[in-house]
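> Sequence:
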Amino acid sequence: MRNRLTNKIFIAAAVLASVFTLFFGIYEYRREHNFRVDILHSQLQLNNYHYVEGCGDKSIRVTVIDTLGNVLSDTEEDNVRLMGNHLLREEIQEALRDGTGYAMKRATSLSPEGRRGDGEQYFYSATRFGDRIVRSAVPYSAELTSSLEHDYTFVYYTASILALIAIAIYFRHRFESSEREKQRIKRQLTENAAHELKTPAATIEGYLETLVSNPSMPEDKRREFLDKCHAQSRRMSRLLSDMSTLTRLDGAQEMANGKASGNNAIDAAVILRQIMEETAASFREQNISAQLITPASLPMVGDASLVYSLFRNIFNNTLAYATDATYFKVVARDTGNRVTFLFIDNGAGVPNEHLPHIFERFYRIDKGRSRRLGGTGLGLAIVKNIALQYGGSAIAQPTPGGGLTIEVVLQMR
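Residue numbers for the sequence shown follow our numbering, so the first one is 1 and each next one is one higher.
Hints are computed from structural coordinates only; laboratory data are not their basis.
Treat the hints loosely; a few may be bogus.
As the list claims (entries may be wrong) - Derived pair list, reagent style DMTMM-like, types lysine to aspartate or glutamate, alpha-carbon separation capped at 25 Å:
1. LYS329 <-> GLU285
2. LYS58 <-> ASP131
3. LYS105 <-> GLU94
4. LYS58 <-> ASP38
5. LYS221 <-> GLU209
6. LYS228 <-> GLU205
7. LYS105 <-> ASP66
8. LYS105 <-> ASP57
9. LYS58 <-> ASP74
10. LYS105 <-> GLU77
11. LYS221 <-> ASP267
12. LYS228 <-> GLU277
13. LYS329 <-> GLU277
14. LYS105 <-> GLU90
15. LYS221 <-> GLU205
16. LYS58 <-> GLU76
17. LYS228 <-> GLU209
18. LYS329 <-> GLU360
19. LYS58 <-> GLU77
20. LYS105 <-> ASP38
21. LYS329 <-> GLU278
22. LYS329 <-> ASP227
23. LYS228 <-> ASP267
24. LYS58 <-> ASP78
25. LYS329 <-> GLU407
26. LYS105 <-> ASP78
Please model the entire structure based on the sequences and the hints provided.
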């Protein structure tokens, strides 16, 4: 509930900041333009005063107009009668009302030859001096355009701030989604773990209650019940051990550039040969021919116990679930800084609809059989998590002709 409220407050603050930044940018954009116009207007106002005093800039066109709008004189037109009445011009109206005024527009006065103005755009600045209005005009030239050109600094500033806010919202959403997913997985793990532990705990409790309430129970039956309690306790121990491994993998900050931490030099080929020796008897008992095809050495830097756990869980999974298999083959292919490991069997395989899920925690195809075999449902989840810790991957696919192939890719160096 608190996270949801925090998220709403963050979104509201981000929206308010975005609106404020947008309006601030627009305001500053306009203010900066008006500031530049005011500077030019002030400069031309000063020229109007200088003209009245007889020392105006002769390169600037100056027109003198009476309060009725009639042109009295113009520095570039000799026949001012042809220039028409200027009373309704914007800058003249402002000068009559406020004392000064300016406007930007195209020239439309008649020339001495009776033609309309050339249509060039001018900046006009007018000043009232009693019954006269003095107006300076400068062409809207490239130089003037440059001086009045909008400074897009505030536009860039606004766009940058809005982009940063958008990025913050995006990553906040991603973070919230990630956190929710983590919480969902943890909840699911806890619920599944409680369910998985409940069965062996209840079984042990039942057998022990029977033993306690029947002190005269035959010795062979007592031994049988104790053996079953021992088997269930071992199952609980394996489950707790696997959960501890997954918790360590989830919580560890061991990832650095896609590689798990640990600076111990280990040899993956040696670990594979060790596991092959440890499981040889079990494969023989199930009439499975086990074969290891690997380079003499596969050096890597990492945690030997994690790599051992990854490989051993795949071996155990094959021994438990590769029904009717006659061979199990492990192939390692070194491709530079990565090694691909293929674990191939020709057993009953896994139906296609289950293949995308077999690396999920507590996922079982045949729940009854898995529990009878003492499986925890976490073995392949551990495999995938360790592979990810080493910047790699773990996938399952059908073996051509029948069976299951698990492909694990590890970043070795």
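> Work down the list of hints and note, for each, if the structure agrees.
Hint by hint, here is what the structure shows:
Between LYS329 and GLU285, the direct Cα distance comes to roughly 17 Å. Compliance with the 25 Å bound is thereby established for this hinted pair. Distance hint between LYS58 and ASP131 is fulfilled; the C-alpha atoms sit about 23 Å from each other, no more than 25 Å. Only pairs whose Cα atoms come within 25 Å are accepted, and LYS105 paired with GLU94 is accepted, the gap being roughly 15 Å. Taking the CA atoms of LYS58 and ASP38, the gap is near 22 Å; set against the 25 Å cutoff, the hint holds.
Proposed proximity of LYS221 and GLU209 is supported: the alpha carbons are some 14 Å apart, at most 25 Å. Under the criterion of a C-alpha separation no larger than 25 Å, the hint pairing LYS228 with GLU205 is consistent with the structure, at around 11 Å. Of the pairs offered as hints, the one joining LYS105 and ASP66 holds, with about 21 Å between alpha carbons and a cut-off of 25 Å not exceeded. About 22 Å separates the Cα atoms of LYS105 and ASP57, which keeps this hinted pair within 25 Å; it holds.
At most 25 Å may separate the alpha-carbon atoms for a hinted pair to count; LYS58 and ASP74 meet this at roughly 12 Å. Only pairs whose Cα atoms come within 25 Å are accepted, and LYS105 paired with GLU77 is accepted, the gap being roughly 19 Å. For the hint linking LYS221 to ASP267, the alpha-carbon distance of about 48 Å lies beyond 25 Å, and the restraint is violated. With a C-alpha separation of about 29 Å, the suggested pairing of LYS228 with GLU277 is violated against the 25 Å cut-off.
Of the pairs offered as hints, the one joining LYS329 and GLU277 holds, with about 14 Å between alpha carbons and a cut-off of 25 Å not exceeded. A threshold of 25 Å between alpha carbons decides the hint, and for LYS105 with GLU90 the separation of about 10 Å falls inside it, so the pair holds. Taking the CA atoms of LYS221 and GLU205, the gap is near 16 Å; set against the 25 Å cutoff, the hint holds. Only pairs whose Cα atoms come within 25 Å are accepted, and LYS58 paired with GLU76 is accepted, the gap being roughly 10 Å.
As the CA atoms of LYS228 and GLU209 are separated by approximately 13 Å, the hinted pair is consistent with the 25 Å bound. The suggested pairing of LYS329 with GLU360 holds, with an alpha-carbon distance near 24 Å, which does not exceed 25 Å. This hinted pair checks out: LYS58 and GLU77 have alpha carbons roughly 14 Å apart, not beyond 25 Å. A distance of roughly 16 Å separates the Cα atoms of LYS105 and ASP38; the hinted pair therefore holds under the 25 Å criterion.
Pair hint LYS329 plus GLU278 holds up; C-alpha atoms about 15 Å apart against a cutoff of 25 Å. At roughly 34 Å between alpha-carbon atoms, LYS329 and ASP227 are farther apart than 25 Å, so this suggested pair is violated. In summary, the hint linking LYS228 to ASP267 is not supported, as the alpha carbons are separated by about 39 Å, beyond the 25 Å threshold. A threshold of 25 Å between alpha carbons decides the hint, and for LYS58 with ASP78 the separation of about 15 Å falls inside it, so the pair holds.
With a CA separation close to 12 Å, the supplied pair LYS329 and GLU407 stays within the 25 Å bound. In summary, the hint linking LYS105 to ASP78 is supported, as the alpha carbons are separated by about 22 Å, within the 25 Å threshold.
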